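Trainee: The primary structure of each chain is shown beneath.
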Amino acid sequence: MKKSGALGKDYFDGDIIVREGETGDCMFEIQEGKVEVIGQKQGKDVRLAVLGKGDFFGEMAIFEREVRSATVRAVGKVRALTIDKRTLLRRISEDPTLAFRLLEKLSRRIREMDKEIVDYKSE
Amino acid sequence: MSDISREKRGNKSDPQRPAAAGSKLDDGSKIAVLGGGPAGAFFTYFLMGMAERLAIDLQVDIYESRDYSRSGAPGCNMCGGIVSESLVQALAAEGIILPDTVVRRGVDSYVLHMDVGSVKIMTPLEEKRIGAVYRGAGPKGITSSDWESFDGYLLSMAVEKGARLINQKVEGVAFQDGRPRLEIRTGSSESYDLLVVATGVNTAAFKLFQDLSPDYTPPRTTRTFICEYLLGREKVGEHLGSSMHTYLLTLPRLEFAAIIPKGDYATVCMLGDRIDQDLVDTFMNTPVVKSTMPPDWESAHKDCRCSPKINVRDARRPFADRILFIGDCGVSRLYKDGIGAAYRTSKAAAKTVLFQGVKKEDLKKHFWPACRALKNDNTIGKLIFLVVGMMQKIKPVRKGILRMVIKEQAKKGGRKRMSTVLWDMFTGSAPYREVLFRTFHPGFIFGLLWHLMVSNTPFGRVPRQKEAGT
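Chains as they are written, first to last, in this note's numbering: chain G, 1 to 123; chain W, 1 to 470.
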């Protein structure tokens, strides 16, 4: 049975959800499916990460006033929900514990990056 | 189901006595939550999550006699069942993803219906950001087992965090040695370090606790009317789409009405003064409502209907030593986003009792400000609804508002001042204070005056919006 209750927006294989260099005022949470995060080096795509259900991306736009640092592309069918910068920052100012999960996720990413740097330097 | 007579964790040295001697929760502290609706479930989920981060081992018992897997009244906490845009986003930031078995319809737009015409207001990114849910398994007589209860889903999250679900009714409450003690229907009793009342306003249970908290005054309520129409998924999709339909009509005693698509059903919600069958029939037979519903809607099964109470004035002093009231039996939002208010007050309560303490002074200093912010915002909300009620009665004003929104929605970019004001008012997505301030903007005032003038001149007219019906 096809459900009608899905929240967020559907993206299909290859759809660009976030494009490197563009300005953004929201972050995204993956409700269903997978996305790949892609950086550019000398005109070539470099896959930086693959994210799945419950992961978020585009969060740098919430805390910095910089352009998007990478492109995010749908791998297969993806459903993602946007979280507005203003809504989130207002909520965090009322309830700082709302940032706990963001900090945990960011901390985990730093841990994974540390591991990758160690692997890279020891090669 | 768990039973109170089963395993009692409590204080390792004496399982009958609560552990915390002071005003702070600590390892082994025992908390009773009365009511497993959104307020009780959110409180438990956030309290257990924060305690886990701090490596504090708490025992939380949720007393809920309702079985949310049942359809109709036995499994339902009775409300319109809308999870607002701002709450959907806050929950996403918390890592709570509402599954598509819980959300019966993702809503991406509102259609405002008036006697002078209809207009569809889309979400900013044309994304489904509002969830239409059933509090229980669904309306009386529902046969499909593909869906889950919203309240049941939240409660299961709280239980997964380690809370005990006790499927018993609480018969009495008293203070003993400075701590609340609950008397259960089975004849057993249990003492706690903290009592959290989250019973809503549609049960007499919260009256049990008034003597424990003499300063507490329960909220003042009014009755609403909710009825479920079984139309079938195709007809719901064809006629209502993924829009919530709101009606600002000039019917005596009717303040506001909405039709919400949910799976195979359409939920009709009405708010006003003494809503009776005559008013319901009058509303359902107005041309604008008939044009929204399928032609044969009158023959649809409508066995499931109720008249639940909603808050119109907040509770006073919803806290005392080791006791607090959250959700509807404490302070909620006026008319809109009651589930969002339950999220906010329950989280404020969880933070306070864990980080600050459970004494009256702690609750007054750290929990009450979150309630007071809602309460103050409700005062502004009352003013807004009063003004809207007056404007609703003046046809030239209705025409001007409709023209302004239609013109805004036809534009690709640009500021959509009236659309966002109406959107936030009807969805409860922003505080009423913010909505009011936006109406003071010169762009809003001049825009409204312009559209009032143009739509009411002999040559002016209100354009029709394409596809405003769904």
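Keep in mind the hints are simulated off the structure, nothing from the lab. Note that this is a predicted model, so its numbers are computed, not measured. Hints are not guaranteed to be accurate.
[What the hints assert, rightly or not] Under the rule of at most 16 angstroms between Cα atoms (straight-line distance), these lysine to aspartate or glutamate pairs were calculated in the EDC-like manner:
#1 169(W) to 67(W)
#2 351(W) to 95(G)
#3 85(G) to 94(W)
[What the hints assert, rightly or not] Now the in silico label distances, taken between C-beta atoms and shown as ranges:
#4 40(G) to 379(W): 50 to 60 angstroms
#5 53(W) to 19(G): 31 to 41 angstroms
#6 178(W) to 50(G): 19 to 29 angstroms
#7 126(W) to 106(G): 28 to 38 angstroms
#8 273(W) to 14(G): 50 to 60 angstroms
#9 296(W) to 40(G): 41 to 51 angstroms
#10 95(W) to 93(G): 12 to 22 angstroms
By construction, the Cβ of each residue, glycine as well, lies at the ideal position given by its N, Cα and C atoms.
Trainee: Hints first: check each against the structure and report whether it holds.
Mentor: Each hint, compared with the structure:
Between residue 169(W) and residue 67(W), the direct Cα distance comes to roughly 12 angstroms. Compliance with the 16 angstroms bound is thereby established for this hinted pair. Distance restraint check for residue 351(W) and residue 95(G): the Cα-Cα separation of roughly 9 angstroms lies within the 16 angstroms cut-off, and the hinted pair is therefore satisfied. Proximity of residue 85(G) to residue 94(W) is assessed by CA-CA distance (about 15 angstroms); at most 16 angstroms being required, the pair is judged to hold. Checking the proposed 50 to 60 angstroms range against residue 40(G) and residue 379(W) shows it holds: the Cβ atoms sit about 53 angstroms from each other.
One distance hint, 31 to 41 angstroms for the beta-carbon pair residue 53(W) and residue 19(G), holds here, with the actual separation near 36 angstroms. Residue 178(W) and residue 50(G) have their C-beta atoms about 55 angstroms apart, which leaves the hinted 19 to 29 angstroms range violated. Between residue 126(W) and residue 106(G) the beta carbon distance is about 29 angstroms. The supplied range of 28 to 38 angstroms therefore holds. Our hint of 50 to 60 angstroms for residue 273(W) and residue 14(G) holds, since their Cβ atoms are close to 55 angstroms apart.
Roughly 57 angstroms separates the CB atoms of residue 296(W) and residue 40(G), a value that falls outside the hinted 41 to 51 angstroms. At roughly 20 angstroms, the beta carbons of residue 95(W) and residue 93(G) sit within the given window of 12 to 22 angstroms.
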